Amino acid sequence: MDIHNYITSGILEEYVLGGVSDQERREVECMSHIYPEIREALNMLETQMEQFARAYTQKAPDTMRSRILDEVRKNNQNPVMTSVSGDTASAKKKEIKVESPSVQPEKEIGDIKKSGTPVWAIAAAIAALLVAAWQFVENNNKAKEVQALRSEQDSIRSAHSELEIQVAELSFNLDEVYDPAIRKVLLNAVNENFPIQLALFWNTENGQVRLDASALPELPTDKQYQLWVLKDGVPVDMGVLPKTSEDRILLAQKTTISGDAFAITIEPLGGQASPSLDQLVVMGNIG
Amino acid sequence: MAPVEKEIVDRFAAGDVRAMDLLYDHYADTLFGVVMRMVNDEAQAQDIIQDAFVKIWKQSRTFDPTKGRLFTWLISIVRNQSIDAIRKNKRSGDIQRESSDVSIQMTVADNKDLSEEHDIRVVLSQLDHHHKELVEHSYILGYTHPEIAEKFGIPLGTVKTRIRNAMLELRTIFGNGHS
Numbered sequence: 000m001d002i003h004n005y006i007t008s009g010i011l012e013e014y015v016l017g018g019v020s021d022q023e024r025r026e027v028e029c030m031s032h033i034y035p036e037i038r039e040a041l042n043m044l045e046t047q048m049e050q051f052a053r054a055y056t057q058k059a060p061d062t063m064r065s066r067i068l069d070e071v072r073k074n075n076q077n078p079v080m081t082s083v084s085g086d087t088a089s090a091k092k093k094e095i096k097v098e099s100p101s102v103q104p105e106k107e108i109g110d111i112k113k114s115g116t117p118v119w120a121i122a123a124a125i126a127a128l129l130v131a132a133w134q135f136v137e138n139n140n141k142a143k144e145v146q147a148l149r150s151e152q153d154s155i156r157s158a159h160s161e162l163e164i165q166v167a168e169l170s171f172n173l174d175e176v177y178d179p180a181i182r183k184v185l186l187n188a189v190n191e192n193f194p195i196q197l198a199l200f201w202n203t204e205n206g207q208v209r210l211d212a213s214a215l216p217e218l219p220t221d222k223q224y225q226l227w228v229l230k231d232g233v234p235v236d237m238g239v240l241p242k243t244s245e246d247r248i249l250l251a252q253k254t255t256i257s258g259d260a261f262a263i264t265i266e267p268l269g270g271q272a273s274p275s276l277d278q279l280v281v282m283g284n285i286g
Numbered sequence: 000m001a002p003v004e005k006e007i008v009d010r011f012a013a014g015d016v017r018a019m020d021l022l023y024d025h026y027a028d029t030l031f032g033v034v035m036r037m038v039n040d041e042a043q044a045q046d047i048i049q050d051a052f053v054k055i056w057k058q059s060r061t062f063d064p065t066k067g068r069l070f071t072w073l074i075s076i077v078r079n080q081s082i083d084a085i086r087k088n089k090r091s092g093d094i095q096r097e098s099s100d101v102s103i104q105m106t107v108a109d110n111k112d113l114s115e116e117h118d119i120r121v122v123l124s125q126l127d128h129h130h131k132e133l134v135e136h137s138y139i140l141g142y143t144h145p146e147i148a149e150k151f152g153i154p155l156g157t158v159k160t161r162i163r164n165a166m167l168e169l170r171t172i173f174g175n176g177h178s
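Protein sequences appear in the order of chains A and P. Residues in the first sequence are numbered from 0 upward in steps of one, following numbering that gives the first Met the number 0. Residues in the second sequence are numbered from 0 upward in steps of one, following numbering that gives the first Met the number 0.
Pulled out of the complex, with its shape left as it was, chain P reads as follows (with noise of 0.2 Å):
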């Protein structure tokens, strides 16, 4: 486990509500980015991280380390409350997913500060298209894959087969699961 990732497990143990603050500095930025890219309206994402990281804290002493990272934890909870978000907003009419429905458009970091994500972006432009499109739909977007498998109008079976060999190729192009 990271340094930062065991402060901030540890002080959600003790009840220490500074965890929260070490939690934001080192990833509120990428769950900012992430749930942009499923709303694209910064008030509304705004919104949602809020919730999310009110939903964190509360559940904080649930999160068990033993059973995986920090980071997969958080990113269900903000994505499942992107996906309530959008929902409400569907029925409003405002139909966000299938309006941002463009392949992965990398935002351009225009801060110094994330020349570091700005090199992944590099890396990940090598990861083949279609396979990013899924990837992207079912960890991102929140899509199941048999919604996907609908979308794509391809078979389930194909679906998770080319969600596993983009994984497969993910692990190339990260290497051997170094951060």
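For reference, chain A alone in the conformation it holds in the complex (with noise of 0.2 Å):
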């Protein structure tokens, strides 16, 4: 994902101007949500159609404020479920259509006259009845259904997010793996405390080194894990690991362009200038 691109598309002004479709509008919401690139150019847009349509400010009449303010005071706040647009459609209250049944009152009934009431009327009254019951219960039903889909499409929007910030990096980490100046070293254990390994990622070209971290047991508090390029014997600090981090993949905080091996030792809190060798837990040779 070129970020720099997406910047430069002009999407992010058409979603300013209120140009772009549904679909393209969560797009850009999302992507602003991954990237504080897009997030701070989009919101530098913002600003300056802010400031642009500021410029066609005109006091209002006097008299408004207070019609206005009582008017907004007539009304509630919707609540949030609520979509505005999709809502006010189905809402409508569905007409009850209930024909006049064409069946004509029978001569015979003559005790039903004595109340006054036909029975056509009764029939029709019972008729008009069960069709709102059965209109009730079915608009119970869709109402169910409605709020079932909803919540089945914020999980699919928010599982889809989680997805795109997924590949974002898994991009990125391919594109490393492609890089020929990317050379694997895979850090086996030494100490059978811990017998793990895992792989570190040296770019050589400019010396950053990734390495995936989650194989390494938690330290108590005061302790924290460093990482180490031993260049011709002389261990050389890299920097400590992040007690705590997000990322799976970290980077390490110093870089080399050298080195005959890597290594992480656990060391007091903040690291030290030259490791502890007994307390080595992996180690790997750069073939």
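None of these hints come from the bench; they were simulated from the model. Any given hint could turn out to be false.
A few chain A residues facing chain P, derived, Cβ under 10 Å [said to hold, decoys possible]: (1) 31; (2) 35; (3) 49; (4) 51; (5) 56; (6) 73; (7) 77; (8) 79; (9) 277.
Heads up, simulated SDA-like pairs for lysine to any residue below, C-alpha to C-alpha not over 25 Å straight-line [unchecked claim]: (10) P:159 - A:42; (11) P:5 - P:16; (12) A:242 - A:286; (13) P:57 - P:120; (14) P:66 - P:141; (15) P:54 - A:271; (16) P:131 - A:8; (17) P:159 - A:271; (18) A:253 - A:217; (19) P:150 - A:20; (20) P:5 - A:29; (21) A:183 - A:141; (22) P:159 - P:135; (23) P:5 - A:77; (24) P:87 - P:43; (25) A:253 - A:229; (26) P:57 - A:64; (27) P:159 - A:24; (28) P:66 - A:234; (29) P:87 - A:70; (30) P:54 - A:65; (31) A:73 - P:46; (32) A:183 - A:154; (33) A:73 - P:141; (34) A:230 - A:197; (35) P:159 - A:5; (36) P:150 - P:173; (37) P:159 - A:197; (38) P:57 - P:6; (39) P:66 - P:143; (40) P:159 - A:209.
A quick note: this is a predicted structure, and the numbers were derived from the prediction, not measured. All C-beta atoms, glycine included, are put in the ideal place defined by N, C-alpha and C.
Mind assembling these two chains? They're in different frames, but the hints should get you there.
Encoded structure:
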């Protein structure tokens, strides 16, 4: 994902000007959520357009304020779940049409006549009630269905943005894998208490080192993992690994463009200038 | 987020209708000016603003500050309300959008309170005339890009490029998005 291309594609301008489709709008909102650079560019555009609109400022008549605010107070906020455009249409009450039964009142039923209410009217009333009851149940079912579909849509949407993030990360990682400057170094266990193995990716051009630290066990609060590179047998500090990180792949604090091996030790919080060799956890030679 | 904006959004969330008083005091004149540019009729503009404010209050819980600025949301509601009103009028024969087709005429601020806006007008007058017209049509008058292309007789791609350039020019004029 080339963020710069996305920002300069003009989509953000169209978004701010209100000229995008619903799908594009969701896309922009999702992208700006993932990439702070996009959020920042969008924010700048929005500020700009607010300033542009300010140039049209015209003093509204003094009487307008109380009139409008009084009118506003006659209304309540809609609840959060209601989608304003969709619901007004579906909320329109369905007309219940009950056709008068074509059956003619039969002369034989004399006792009903005593009450003054013709048979067909009673039948119509009962039919209307039945239809109304059926409509009520039907509407209730529909409302539940809509509710279920909405929450399903919400969870799909959030799963979708999760995936977007993962795809962005993966494509970045994939770029790394295919980069000829990247070398993969396997770090193997040297301490029987830590039977683990982890992979490290070393960019021999810019010296950056990334590693998947998810295999490393959690340490007590006063300890921290520290990464080293061995150059001609001398360990050189590459920085400590963050105690907590949301990212699975960590970028080492320092870079190196040469070395014979990488190693990780357990050190007091903040790290040390030279490694505690008895605390060596994993080590791997650069092949 | 500006403190006022935050205050308004917090009150929205709390269901406090005084959010609308604050909103009125900070945005009504600008929104009124924008609507006046579209309909050019004070009584109608007042009605539009009223309907828009009722709508804003009703929908205020749906506003999500993480997705964008409050003003962007407000102006989109006000603009749609105006376009609806214009469409209704069009049906009755009053074609306002075309009849007000003069290039931007910044209303002269005769009120001292508006001096800050006056400064913006001066700054904006630096904007290339054609650019101003395009951004105005798109942002204020609610034209779609294909509509602009048709009206000015230029290809759609050119409209998009020019609008983008106009935005870049605006950015230069306003500096780096400061307020």
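Checked hints:
Contact between residue 31 of chain A and chain P, as hinted, is supported at the beta carbon level, the nearest pair being about 8 Å apart and thus within 10 Å. Annotation: interface hint on residue 35 of chain A violated; nearest CB of chain P at approximately 13 Å, more than 10 Å. Satisfaction of the interface hint for residue 49 of chain A is found here, the shortest Cβ-Cβ separation to chain P being roughly 4 Å, below the 10 Å cut-off. At a threshold of 10 Å, the smallest CB-CB gap from residue 51 of chain A to chain P is about 6 Å, leaving the interface hint in force.
With its C-beta approaching chain P no nearer than about 4 Å, residue 56 of chain A sits inside the 10 Å limit, and its interface hint holds. A least Cβ separation of about 8 Å between residue 73 of chain A and chain P falls short of the 10 Å threshold, and the interface hint therefore holds. Residue-level restraint check for residue 77 of chain A holds (minimum Cβ-Cβ distance to chain P is 5 Å; threshold 10 Å). Residue-level restraint check for residue 79 of chain A holds (minimum Cβ-Cβ distance to chain P is 5 Å; threshold 10 Å).
Taking 10 Å as the C-beta cut-off, the interface hint given for residue 277 of chain A is violated, the closest approach to chain P being about 49 Å. Our distance criterion of 25 Å between C-alpha atoms is met by residue 159 of chain P and residue 42 of chain A, whose separation comes to about 20 Å. In summary, the hint linking residue 5 of chain P to residue 16 of chain P is supported, as the alpha carbons are separated by about 15 Å, within the 25 Å threshold. With a C-alpha separation of about 29 Å, the suggested pairing of residue 242 of chain A with residue 286 of chain A is violated against the 25 Å cut-off.
The straight-line distance between the Cα atoms of residue 57 of chain P and residue 120 of chain P is roughly 33 Å, outside the 25 Å bound, and the hint therefore fails. With a C-alpha separation of about 21 Å, the suggested pair residue 66 of chain P and residue 141 of chain P falls inside the 25 Å cut-off, and the hint holds. With a CA separation close to 62 Å, the supplied pair residue 54 of chain P and residue 271 of chain A exceeds the 25 Å bound. At roughly 21 Å between alpha-carbon atoms, residue 131 of chain P and residue 8 of chain A fall within 25 Å of each other, so this suggested pair holds.
Restraint check for residue 159 of chain P and residue 271 of chain A: the C-alpha separation of about 57 Å exceeds 25 Å, so the hint is violated. Of the supplied pair hints, the one linking residue 253 of chain A and residue 217 of chain A holds, its CA atoms being roughly 22 Å apart against a limit of 25 Å. At roughly 21 Å between alpha-carbon atoms, residue 150 of chain P and residue 20 of chain A fall within 25 Å of each other, so this suggested pair holds. Taking the CA atoms of residue 5 of chain P and residue 29 of chain A, the gap is near 22 Å; set against the 25 Å cutoff, the hint holds.
With a C-alpha separation of about 56 Å, the suggested pair residue 183 of chain A and residue 141 of chain A falls outside the 25 Å cut-off, and the hint is violated. Pair hint residue 159 of chain P plus residue 135 of chain P holds up; C-alpha atoms about 14 Å apart against a cutoff of 25 Å. The hinted pair formed by residue 5 of chain P and residue 77 of chain A meets the criterion: a straight-line CA distance of about 20 Å does not exceed 25 Å. Our distance criterion of 25 Å between C-alpha atoms is met by residue 87 of chain P and residue 43 of chain P, whose separation comes to about 12 Å.
For the hint pairing residue 253 of chain A with residue 229 of chain A, the CA-to-CA distance comes to about 14 Å; that is within 25 Å, so the pair holds. Proximity of residue 57 of chain P to residue 64 of chain A is assessed by CA-CA distance (about 18 Å); at most 25 Å being required, the pair is judged to hold. Straight-line distance between C-alpha atoms of residue 159 of chain P and residue 24 of chain A comes to about 17 Å, which keeps the hinted pair within the 25 Å bound. In summary, the hint linking residue 66 of chain P to residue 234 of chain A is not supported, as the alpha carbons are separated by about 48 Å, beyond the 25 Å threshold.
Of the supplied pair hints, the one linking residue 87 of chain P and residue 70 of chain A holds, its CA atoms being roughly 22 Å apart against a limit of 25 Å. At roughly 17 Å between alpha-carbon atoms, residue 54 of chain P and residue 65 of chain A fall within 25 Å of each other, so this suggested pair holds. Distance restraint check for residue 73 of chain A and residue 46 of chain P: the Cα-Cα separation of roughly 16 Å lies within the 25 Å cut-off, and the hinted pair is therefore satisfied. A threshold of 25 Å between alpha carbons decides the hint, and for residue 183 of chain A with residue 154 of chain A the separation of about 37 Å lies outside it, so the pair is violated.
The hinted pair formed by residue 73 of chain A and residue 141 of chain P fails the criterion: a straight-line CA distance of about 29 Å is larger than 25 Å. Between the alpha carbons of residue 230 of chain A and residue 197 of chain A the distance comes to roughly 21 Å, so the proposed pair stays at or under 25 Å and holds. A distance of roughly 15 Å separates the Cα atoms of residue 159 of chain P and residue 5 of chain A; the hinted pair therefore holds under the 25 Å criterion. At most 25 Å may separate the alpha-carbon atoms for a hinted pair to count; residue 150 of chain P and residue 173 of chain P exceed this at roughly 28 Å.
A threshold of 25 Å between alpha carbons decides the hint, and for residue 159 of chain P with residue 197 of chain A the separation of about 50 Å lies outside it, so the pair is violated. With a C-alpha separation of about 18 Å, the suggested pair residue 57 of chain P and residue 6 of chain P falls inside the 25 Å cut-off, and the hint holds. For the hint pairing residue 66 of chain P with residue 143 of chain P, the CA-to-CA distance comes to about 22 Å; that is within 25 Å, so the pair holds. A distance of roughly 41 Å separates the Cα atoms of residue 159 of chain P and residue 209 of chain A; the hinted pair therefore is violated under the 25 Å criterion.
Violated hints, listed in ascending order, are 2, 9, 12, 13, 15, 17, 21, 28, 32, 33, 36, 37, 40; each of the other numbered hints is respected by the structure.
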